[in-house]
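Full structure from sequences and hints, please.
If you're matching them up, the sequences are chains C and Z in order. Mapping of the first sequence onto my numbering: position 159 corresponds to residue 150, and the numbering continues sequentially without gaps. Mapping of the second sequence onto my numbering: position 134 corresponds to residue 117, and the numbering continues sequentially without gaps.
For the record, the hints were derived by calculation from the structure and aren't laboratory data. One or more hints might be untrue.
Calculated pairs, BS3-like style, for lysine-lysine (alpha carbon to alpha carbon, straight line, at most 25 Å) [unchecked claim]:
no., chain 1, residue 1, chain 2, residue 2
1, C, Lys199, C, Lys92
2, Z, Lys86, C, Lys8
3, Z, Lys251, C, Lys92
4, Z, Lys39, Z, Lys54
5, Z, Lys54, Z, Lys226
6, C, Lys53, C, Lys42
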Amino acid sequence: MNKSSAPRQSLGELLPKLVVAPTFVVAVIFIYGFMLMNAWLSFSSSRMLPKYDWAGLIQYEKLFANDRWWIAAENLFIFGFLFIVICLLLGLFMAIFLDQKIRAEGAIRTIYLYPMALSFIVTGTAWKWILNPELGIQRLVREMGFESFTFDWLVNTDMAIYTVVIAGVWQSSGFVMALCLAGLRGVDDNIIKAARVDGASMPLIYRKIIIPGLRPVFFSAFIILTHIAIKSFDLIIALTGGGPGFATDVPATFMYTFSFTRGQIGLGSAASMMMLMAVIAIIVPYLYSELREKNNEH
Amino acid sequence: MSINRVLVYCLLGCAALLYLMPLVVMVITSLKDLDEIRSGTLLSMPQALNFDAWDKAWGSACTGVSCEGLKGYFWNSVLIVVPAVVISTVIGALNGYVLTKWKFRGSNLFFGMLLIGTMIPFQVILLPMARMLGFLGLAGTTSGLIMVHIIYGLAFTTLFFRNYYISIPSELVNAARIDGAGFWLIFVRIILPLSVPILVVSVIWQFTQIWNDFLFGVVYSSGDAQPITVALNNLVNTSTGVKEYNVDMAAAIIAALPTLFVYVVAGKYFVKGLTAGAVKG
Chain C
-8 MNKSSAPRQS LGELLPKLVV APTFVVAVIF IYGFMLMNAW LSFSSSRMLP KYDWAGLIQY
52 EKLFANDRWW IAAENLFIFG FLFIVICLLL GLFMAIFLDQ KIRAEGAIRT IYLYPMALSF
112 IVTGTAWKWI LNPELGIQRL VREMGFESFT FDWLVNTDMA IYTVVIAGVW QSSGFVMALC
172 LAGLRGVDDN IIKAARVDGA SMPLIYRKII IPGLRPVFFS AFIILTHIAI KSFDLIIALT
232 GGGPGFATDV PATFMYTFSF TRGQIGLGSA ASMMMLMAVI AIIVPYLYSE LREKNNEH
Chain Z
-16 MSINRVLVYC LLGCAALLYL MPLVVMVITS LKDLDEIRSG TLLSMPQALN FDAWDKAWGS
44 ACTGVSCEGL KGYFWNSVLI VVPAVVISTV IGALNGYVLT KWKFRGSNLF FGMLLIGTMI
104 PFQVILLPMA RMLGFLGLAG TTSGLIMVHI IYGLAFTTLF FRNYYISIPS ELVNAARIDG
164 AGFWLIFVRI ILPLSVPILV VSVIWQFTQI WNDFLFGVVY SSGDAQPITV ALNNLVNTST
224 GVKEYNVDMA AAIIAALPTL FVYVVAGKYF VKGLTAGAVK G
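Structure below.
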């Protein structure tokens, strides 16, 4: 605001702006300023200490030449894909079954959703014990009489990433269930009644009317789950520590390791920029479609 | 009851058992001694109620170099959570109030700008923030963590309150303004009394987010200032001597109890917070 108009504004008019001003300043510095600083770091030659020079694309070249980065990216893809698909399917089916005027619905819902209240560190710790290759599920099944049963995914380089999927799904599928259930409760009963009168069976009604009607819910759930997947860090640290070796590294753990334990700040910031790009690639189309919908409503 | 309904109940019941299983295993394991753990299975019951592992997890287990259990870190988390939740919620409420009832040119743009703050992966601000905390002399302290949690919580709390206040009719506010009521009086007398549900949502959301945070905790705190999630991870990964699974599980439950308690007491609001951003408000 320029000086000439300031005196004409009374304190009363200025007050609302003053109230949001701190948040504005904080957002400009700590979100946008920091994002720019981080982008700059990724173009610098920083190693142990941040250096604000210009080194071009060196860090990105190093990143793309790093096998560990590609393992991390592949793991994120495997984990993200399975985590999202399984959560969506489980969430949808649990919600549909729960929507059949079930007795004790509240209690069951509470049970499905409680893992969402836990820290990923707690979830990781619990599943690390359950999946323990000696004393965990393997022992349990062997004691039941299946002597040759082996379940060593946690320490198996090829399978360890799937243990992250299991724990992640356990934690987050209840949330999709809650979203879907809210969506199902919003479906107009009259449409269903009309379809029944016309002789449609319930499975057909679900397939043709109800599930297609849940599209916005799926969309939101998809965005949130993608976001959880790209950011996932704590779960992997607690469950596998990125191991065995670095078989379960994901971009978030890669970024942490290189930035804070290996003194490769430039490389770490380049990795985080790639994570930002991934989020933008998913969020922008989402925001775009949201805005278009809003405009159509007017 | 038709066969279909029996099937539905069976499926729902089995799923419920599967979801409960990890918690049950955690509790059972925490009550056994190490011999019972080695000779039994995940689901074999403890022979007697034995709270030694809990004692140790709380007061004497090793979390890295120090061996004083989780209690100090538990209180660290409390000391971080309380001010961070209160301050971010208050500022969020005021922001939401301005953004809906005292709109100005550019206020929508400001909101959009903040909204992006709910979506960025925090990895992109980790390094500059570390430098800033060092610059402010807050590196490795709980005060630094409180600041970080307030800053990156603001986008969420503002979103909650803005989306809630937008449904309060502006006529209420306009009428009060004509009667001469000012910014603060309207907020305190009209808006706040209507805000209880969203206050609960915001407090619960921030509480769970901050209590469960690990990323900021592990990067920005050290030694005695660490929050409980970091201490729990250290405790589980401290590899001196015998692996004490019972102590690990007791520690994990201790770290989970506050958020579980909130969830059980106020689950309805918890779900609302989770879905507030997702289902259009």
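Quick rundown of the hints versus the structure:
| no. | hint | verdict |
| --- | --- | --- |
| 1 | C:Lys199 x C:Lys92 | holds (21 Å) |
| 2 | Z:Lys86 x C:Lys8 | holds (9 Å) |
| 3 | Z:Lys251 x C:Lys92 | holds (19 Å) |
| 4 | Z:Lys39 x Z:Lys54 | holds (10 Å) |
| 5 | Z:Lys54 x Z:Lys226 | holds (20 Å) |
| 6 | C:Lys53 x C:Lys42 | holds (17 Å) |
The structure is consistent with each of the numbered hints, conforming to all of them.
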